[in-house]
Amino acid sequence: MLPFVLVVAVMIGLCVVSLDILSAARGFVGGESHWSKGQKIATAHLERYLTDASESEYQQFRQAIAVTQGDRNARLELDKPNPDMAIVEREFVAGGIDHADVPGMARLYRYFHAVPPIARAIAIWQQGDELIDQTMALGEQIHARATLGEHDAPSSNRYRAQLRDLDERLTPLENAFSAALGQASSDTTDLLRVCLCLIGAVLALGAVRRARRLLRDHIQVERALRASEDRFQLAVAGSSDGLWDWDRRSGHIYLSPRLRQMLGLSGNEDARGPSIFRRLHPIDRHCAKRAVVAHVRHGQSLDLEFRVPQVDGGSRWFRARGTSVRDPQGVALRTAGSLTEITEQRRAEVMLFAAKERAEVTLQSIGDAVITTDAHGRVQYLNPSAERLAQCSLEDARGRAVSSICCFVSEATGQPITDPIRQVWRGRNSWSSKDRLELAQADGRTIGVDLTVTPIRDRQGHMDGIVLVIRDVSSDREHAAQLAYQASHDGLTGLINRREFERRLGLSTRAMRSGGPPFAVLYLDLDQFKVVNDTCSHAAGDELLRQVAHLFTHQVRSTDAVARLGGDEFVILLEDCPADAARKIAENLRATLGDQHFVFGERSFTISASIGLVCLSNEQIGREEILGAADAACHLAKEKGRNRVQTNQLDNGEVAERQSEMCWVSRIQAALTDGRLRLYAQDIVDMRQPNERRHVEILLRMLSEDGSLVPPRAFIPAAERYGLMPSIDRWVVHSTFAVLRRLIDHEPERVPRLCAINLSGTSICEEGFAVYLHQQFAEHDIPPSLICFEITETAAISSLSRATTFIKELRALGCLFSLDDFGAGMSSFTYLKHLPVDFVKIEGSFVKDMIEDPIDFAMVEAINNIGHVTGKLTIAECVSSTELVYEVARLGIDFAQGFALSVPRPFVAEAYAAEPLLAVR
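Terminal number for the sequence shown in the numbering used here: 921, no gaps in between.
Simulated from the structure, these hints should not be mistaken for laboratory data.
It is possible that some hints are incorrect.
[To be verified] If you anchor each label on the Cβ, the simulated ranges turn out as follows: (1) 328 / 229: 34 to 44 Å; (2) 890 / 794: 28 to 38 Å; (3) 86 / 199: 33 to 43 Å; (4) 583 / 868: 52 to 62 Å; (5) 587 / 784: 52 to 62 Å; (6) 619 / 845: 50 to 60 Å; (7) 583 / 784: 52 to 62 Å; (8) 584 / 708: 39 to 49 Å; (9) 63 / 86: 18 to 28 Å.
[Unchecked claim] Taking lysine-lysine pairs in the BS3-like style, the calculated list, with each CA pair at most 30 Å apart, reads: (10) 808 / 833; (11) 638 / 584; (12) 356 / 289; (13) 640 / 530; (14) 584 / 640; (15) 434 / 530.
The beta-carbon is built from N, C-alpha and C at its ideal position, and this holds for glycine as well.
Sequences and hints are given; from them, build the entire structure.
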């Protein structure tokens with residue numbers, strides 16, 4: 001019904017609004033008539049005023065034009081956000097509009113001014129007001145000239161023409177305004193017709209839908225009634241319960257089909273009382289008869305259980321319930337009831353009893369202590385484990401509160417905890433302690449326990465009791481404490497290990513960032529530990545580490561952390577320690593360690609340590625960076641002579657360099673693993689025969705993680721310092737030989753005449769490196785005469801005998817050798833004659849400046865001459881300009897290498913190709 005009311009209300013509202021719009025439109029049309037009449041009268045009076053200059057004509061002009069001004073002032077007031085309706089009404093009345101039409105016109109203007117026809121009418125109105133303003137201005141101009149006596153025919157004719165022009169421009173606007181308002185009225189009428197038609201259609205459609213719904217509801221009600229009756233019949237026929245009805249007056253007994261099936265009666269067998277009772281088990285038959293008699297005669301409730309024997313020898317249990325209709329004397333006239341089979345329920349009861357017995361036996365046997373309470377929190381049961389932990393028997397505990405036999409305390413504070421049973425009673429589903437608990441026993445001992453408190457609820461969800469499970473975890477906690485100690489301490493020295501130290505360092509770092517005190521980190525490395533291990537066995541080394549750990553622990557405060565990182569490396573965290581104090585502690589440790597003599601057997605050793613120190617106050621740096629900085633400072637202390645303290649100020653250039661090199665180690669290893677090393681080749685030009693087949697030097701580059709090329713000067717120093725050069729040299733040899741093999745097999749004309757490979761001093765001195773080279777020559781079948789190994793002067797001289805042996809072994813195979821960076825060392829000329837090399841590469845720092853520096857020129861000339869005297873060919877490095885090319889050729893140097901002759905290019909079989917020389921032929 002409500003939708004119909006809403007539709008009618010909308011229809012009435014539309015009618016009211018439409019009538020209001022039409023009335024307001026008529027008001028505007030009437031106003032326009034007064035406006036047009038006033039304008040025409042004003043124009044006529046002003047023309048006559050031009051003719052006779054009569055002041056009365058001018059005043060009549062002003063009175064007539066005031067009508068249009070009233071409408072204009074009302075419009076301007078309505079344009080305001082909060083117009084004054086008193087002003088609007090006064091001005092509209094001044095414009096000749098009736099009082100009754102003013103409210104509707106104001107509403108139409110305010111609420112429908114954006115509607116296209118209304119907006120068009122308002123725009124025309126505004127144009128007309130502008131022309132009215134021009135007419136008023138013209139009238140005032142004419143009046144002003146007349147007042148001054150300036151009244152000549154030419155001026156009058158000119159003003160008259162202007163006045164007529166304004167009148168002619170106003171006339172179409174007046175017609176257009178009326179047309180726009182007429183259009184608005186017409187649109188409103190059409191809209192009203194459409195809306196009324198739509199509302200009528202909606203009402204008709206609603207009526208149809210309502211009628212169909214009523215009809216559908218009637219059909220559904222009939223179907224529901226029919227289904228309900230069918231369900232009742234099906235429920236009676238298919239019910240698992242049997243129904244019976246006994247009319248004592250007629251003696252008729254009705255048994256439902258289900259009941260007959262339960263009792264084993266056939267469909268045509270007479271259902272009389274004696275025959276029914278004979279179906280019962282002999283033991284239950286007499287009890288059943290007495291219950292029926294007591295119900296019929298004395299009104300006792302009829303609810304009994306009995307058995308019915310089956311053909312297979314078993315029995316089925318049934319429950320009979322009934323009620324009676326009685327006469328005024330209370331005698332039953334008619335009794336009816338139901339029979340329910342409860343065989344499964346009886347079996348479930350038996351099984352429940354057995355389960356209960358098993359549960360009790362289980363509780364008696366398990367190691368966890370179990371305590372149950374009633375709904376009031378009083379103890380009902382304790383298993384033997386609970387009796388042992390509580391030191392109280394079940395007989396003594398029954399009926400008492402749990403808190404009177406068990407006192408649980410916090411392991412951390414030793415204070416009793418809040419009663420967990422009370423917390424569960426307050427609505428918590430279960431309770432288990434987040435803290436470590438102990439059970440305080442009557443004899444004063446405490447046992448570590450885990451406690452779980454869980455409510456026991458009935459079927460309605462009401463709390464019926466509580467069960468407490470107490471587990472003795474004292475041995476587990478002792479074992480866990482032992483494992484925790486082993487996980488955080490060094491097994492040899494008893495100091496904390498790296499993991500625990502990093503954890504404490506992280507805590508100190510976070511505290512410092514939050515405004516905490518400054519701290520310092522000492523990184524200590526024993527200087528001669530390997531000597532002790534090698535001369536006196538590892539047992540001596542272990543004993544030395546234990547003694548040093550004991551010394552360090554007793555030389556620092558108890559709040560400081562001393563850790564062994566591994567091997568002979570120790571680290572100390574000095575909490576709340578400014579830089580000056582940290583330096584004093586470090587020096588004291590170094591001096592104290594130096595005063596100690598380690599004696600093992602008959603041997604005595606003086607012990608020293610290199611110490612790296614990092615002091616921090618408010619730096620934003622992580623624990624990894626702190627340990628890295630301390631480690632770098634320790635390495636620098638070793639390089640400066642050992643047995644010293646090196647402080648890392650975090651902006652120390654030397655330490656930063658070491659730290660940077662240490663960071664390169666993992667990057668180099670990753671580049672080796674990921675295959676990010678690249679071979680490049682640069683020509684070495686024969687200055688005697690520039691057109692001969694090329695002689696190249698193999699250069700090494702590394703691809704960074706972002707794919708950019710890293711020059712060798714960035715990573716080779718770190719590789720040399722931290723022992724990575726043998727791996728790099730092996731990779732270069734293997735990769736170079738593989739490229740040469742592909743060129744020999746597929747493009748022999750592109751094989752260089754000689755291929756120079758740089759070897760580090762570490763590789764030359766490494767046992768087995770020469771064997772590796774023999775294997776590579778054999779594996780790739782590379783002619784040894786194609787390979788020239790370059791070794792630096794410093795590397796050769798630092799291990800002269802080993803280098804000489806290595807060179808002779810490979811020269812015997814057919815390889816050539818070049819002495820690289822000659823002139824950079826301190827003893828070049830002394831050792832040159834002892835090194836069996838084929839080429840001498842003049843240090844590039846001499847070559848590149850030899851044109852401007854006469855000393856460099858003399859050095860280059862002398863090295864070239866001595867090389868030739870000793871029967872060796874010379875190579876000038878870093879030839880970077882055409883002038884140097886010519887100067888090198890003039891000095892008679894055999895070979896030249898540099899950017900002026902060739903730039904390095906990738907050395908791979910697919911990309912390697914001959915390029916023209918960049919300079920002299």
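Structure-based check of all given hints:
Hint check: residue 328 to residue 229, Cβ distance near 35 Å, so the stated range 34 to 44 Å holds. A hinted range of 28 to 38 Å holds for the C-beta pair residue 890 and residue 794, which are about 30 Å apart. In this structure, residue 86 and residue 199 meet the distance hint of 33 to 43 Å, their C-beta atoms being roughly 38 Å apart. Between residue 583 and residue 868 the Cβ separation comes to about 57 Å, which falls inside the hinted range of 52 to 62 Å.
For residue 587 and residue 784, the Cβ-Cβ distance of about 57 Å falls inside the hinted range of 52 to 62 Å, so the restraint holds. At about 39 Å, the CB distance of residue 619 to residue 845 disagrees with the hint of 50 to 60 Å. The beta-carbon spacing between residue 583 and residue 784, approximately 57 Å, falls within the hinted interval of 52 to 62 Å. A beta carbon spacing of about 46 Å between residue 584 and residue 708 agrees with the range 39 to 49 Å that was offered as a hint.
One distance hint, 18 to 28 Å for the beta-carbon pair residue 63 and residue 86, holds here, with the actual separation near 23 Å. Of the supplied pair hints, the one linking residue 808 and residue 833 holds, its CA atoms being roughly 14 Å apart against a limit of 30 Å. Simply put, residue 638 and residue 584 have alpha-carbon atoms about 19 Å apart, close enough for the 30 Å limit, and the pair holds. Restraint check: the Cα-Cα separation between residue 356 and residue 289 comes to about 35 Å, which exceeds 30 Å; the hinted pair is violated.
In summary, the hint linking residue 640 to residue 530 is supported, as the alpha carbons are separated by about 19 Å, within the 30 Å threshold. A distance of roughly 20 Å separates the Cα atoms of residue 584 and residue 640; the hinted pair therefore holds under the 30 Å criterion. As the CA atoms of residue 434 and residue 530 are separated by approximately 49 Å, the hinted pair breaks the 30 Å bound.
Checked against the numbered hints given earlier, this structure breaks hints 6, 12, 15; the rest are met.
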